[in-house]
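> Now for the letters of each chain:
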Amino acid sequence: MWFPRLASDRALRARPVEAPFALTLRHASAERLSCRNAAAAALGLDPGMTLADARALCPDLLTAPADPPGDARFLGVLRRWATRYCPWVGTDGADGLVLDVTGAAHLHGGETAMLADMRARTARAGLTLRLGLGDTRGAAWALAHHGEGAAPPGDGLATLGPLPVEALRLAPQTVTGLQRLGLRRVADLAATPRAPLTRRFGPEPLARLDQALGRLPEPVAPEPDPPHYGLRLSLPEPIGRTEDVMAGAARLLATLCDKLHRDEAGARRLELTLRRADGGSQSIELRLASPMRDPHRILPLFARGVEAAEAGFGIDLLRLEATQVEDLPVQQLGGPVPAGRSAAALDDLITRIGTRIGLENVLRLLPADSHIPERAFSRAPAAYSRAETGWAAPRPRPLRLFPPEPIAASGSQPPARFRWRAMTLDTLRATGPERIAPEWWLPDETWRRGLRDYWRVETRQGRRLWLFHTPQQPGWFVQGEFA
Amino acid sequence: MRPNLHSFPLRPARVHEVCGPGATSFAAILAAGSTGPVLWIREDWQPETLNPQGLAPFFDPARLLLAQAPSQSDALAVAEEALRDGAVPLVVVEITRPLDLRQGRRLQLAAGTGGATGLCLIPEGMGSNAAETRWRATPHPAKTAGDSTVLRWEIIKNKSGTLGAWDVRWDDTAHRLHVVSPAGKRPGSAGAPG
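Quick note, the sequences are listed as chains B and A, same order. Counting along the first sequence from 1, when you hit position 159 you're at 159 in my numbering, and nothing is skipped either side. Counting along the second sequence from 1, when you hit position 187 you're at 1187 in my numbering, and nothing is skipped either side.
Since the hints were made in silico from the structure, they are not lab data. Quick caveat: nothing in here was measured; it's all calculated off a predicted structure. Check before you lean on any hint, since a few could be wrong.
As the list claims (entries may be wrong) - Simulated coverage check for chain A against chain B, where a stretch passes if three residues somewhere in it have a Cβ under 8 Å from a Cβ of chain B:
no., stretch
1, 1063-1071
2, 1074-1081
Stated by the list, open to error - Label pairs and their computed distance ranges (CB to CB):
no., chain 1, residue 1, chain 2, residue 2, range
3, A, Asp-1044, B, Tyr-384, 16 to 22 Å
4, A, Thr-1162, B, Asp-444, 49 to 55 Å
5, B, Asp-444, A, Ser-1071, 29 to 35 Å
6, B, Gly-280, A, Ser-1073, 36 to 42 Å
Glycine residues also receive a C-beta, built at the ideal position from the N, C-alpha and C atoms.
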C-alpha cells in the first residue's frame, strides 16, 4: 500500500480545500514543497520545488508547514488499522505499508475483493492510495509505485518486465547509470549478463531484482505494538463511597503493577478516570516523583484525589492508565546499602507534596556556571533532577537575594546613612568593592546599568546588607541581605 | 562545648519559631547541625530568593529542597505533610501571616507523629501560642570586630526550660557554632570558649 500524498492528505482531512495545496518544509535555508495535492500536481508542482518557484507557477497556492513526525505517527495509526487485513504489517519508508497477506486474503473474499475493500475504505477516509499485490515484497512495491495492479502468482518477470528500472527500489544514481547503458526496463536488466553488471554497479541492482522475483528472500518485519498500560473496571451497580472507589482502584492498580513489573517499567504519571452513572467523568492525575510500581505505595497517593472527586449519582466505571512510563529495572533487595528506603520515603513525600502544590514547585537548587550572583544557581524540579555539589563562592554572598531596590545615595563610597524599606540605617562598616561585570553575551534587563561594585555594609541597626553602586550610570541599590 | 546554649540544637519532634533579621542564618545553622535533606517551604509570590551560594558556608545546598506554595494555607499543609512523614528531619516554613492556635497545634501534633523538627520563620510579633520555643536572632554589630558574624540569639519563649540570651558566632572553616564569651573576649584569641 503506497500513500503518495500521505502528508497533504492528512492536512486536508483536518481542513479540506479544493484549490491547489502544498506542504512546505524548510530545507537548506529554502522553503521547499514536500507534498502537494492532486490539484497542485496537475499544475506541474513537484516536491522539492522551492516555494518561490511554485508561487510563480501558481499564485493562489495554499500552503501549510509540514510536520514529518506527525506524519510518521499517522502512518503508525494506519499500520494499526491495516492489521484488520492481516496480522503481519510493517511500514515501508515514510509513506508506505507492507502487508503479508499470505493466507489471509480469503477472509475478505479473495484478493480482488480485499483490494477493493482497501481502496473503498481509504477513499472514504480521504487518502490517496496506490496498491500493488505481488508474490514478493519487491514486486508489490514495484506495482504500487509504477503501474498499479496485482501480479498473478508464478512468473513474476512477465508482470514486472515492462516496468521501468526505478521500480526495483534502486538508488537514483544507479538508475541514471542503467538508463545510460540503455537498460530502461526490468526485462532488459534481467536479460543482461550478471557478472559485468555487478562489476559496474555493485551487487545492488541484481539483489533488488532477485528480491522482486523471489529468488532472494525479503521478510516483512512488523513493528511491535507499544505496550499499553490501561485497565478499566465496570461495575454492575454505581458506587459512591470513598472506600469503595479506593478498593476498585486497588484492584486495577494491582494488575497494572504486575504488568509494569513484567516489563521492568515504572509509572511516572497515572490517571484514574471515574465515570459517573449520569455520563459525566472526572479524572485524577497523579504525578510521581520517581518511577514506581509498588501498589501499596501508589494507592495512598490517590486518596486525596478520590476524596475530592464528586460521586454524584454514583460511579460505574473506573479506568486507570499509566500515561507516562519509564524504565525501572528490577533491583536486588537487602543489599548492604539500606539508603534506598529513605530515598524512597523522600520520593513518596515529594509526590504527596506535589499532588497539592504541583510537582514543578518542589525545587532543588543546582549550581550554574556564572559569576552573576542571581545566575549562579538554577532551579530544577526535584523529581526530575539529581542533587549536585560544587558550590564555590569567591567572596561571602548574602543569604537572601532580592530584585535590586534603589536607595538615595551618591558618590562611589557607601553612604553613611540611608533609608531602606522605611528604615533609616547607619553604616558601621563597609567591605568592598567587589566589581562584577555584566555578561555581555546574555543581555539582561536588570544589568542595563553596566558594571556593579558590590559592598558588604553592616549597619548600626543590625541589618547587614549587600549594596551595589553602578559607576557607569551612578546609582545605589540594595540586592541582598546577610541575615 | 557550648557552656550556656541550652535548648540548641532545638528539641526534635517539636515546632519552634524564630524571628528577627538573623532568622535565616539561625535556620541555616540549625540545618548545618542536622543530617539529611532540609525542606524549606515558602510562598511563591515572595520576591526574595534564598541564595544557595550564601547558604553554602553553613550547609551543602544539595541537601536543600525548596517547596513553593501558592498561599500560606498550602505552605502549612505541605509543612504538616512533611512533618508527619518524617522523611525530612528538618522542615523550615516561612510564615507571612500569624498562625492561629489550631494551625500551630496541628503542626505540633504532626511533628510529634513524624519525629521531625519544624522551624517557622515568623515576622516580629506573629508567634503562635503552640510553639515550643521562640527565638529572636539579631546580628550584633556593636560587639563585632573583624569578621561580621556575631549574632545575638535570645530565647523569648520556652515551654519547657528557661529563657536566655547568647552571642554566637558561626565559624565558616570549622563549620561549628561558637558561643562568644559575655565578657567581650574575642573568640579565636587565647581562651576561645567555643
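> Can you give the numbers of the hints that this structure goes against, from lowest to highest?
The structure breaks only hint 6.
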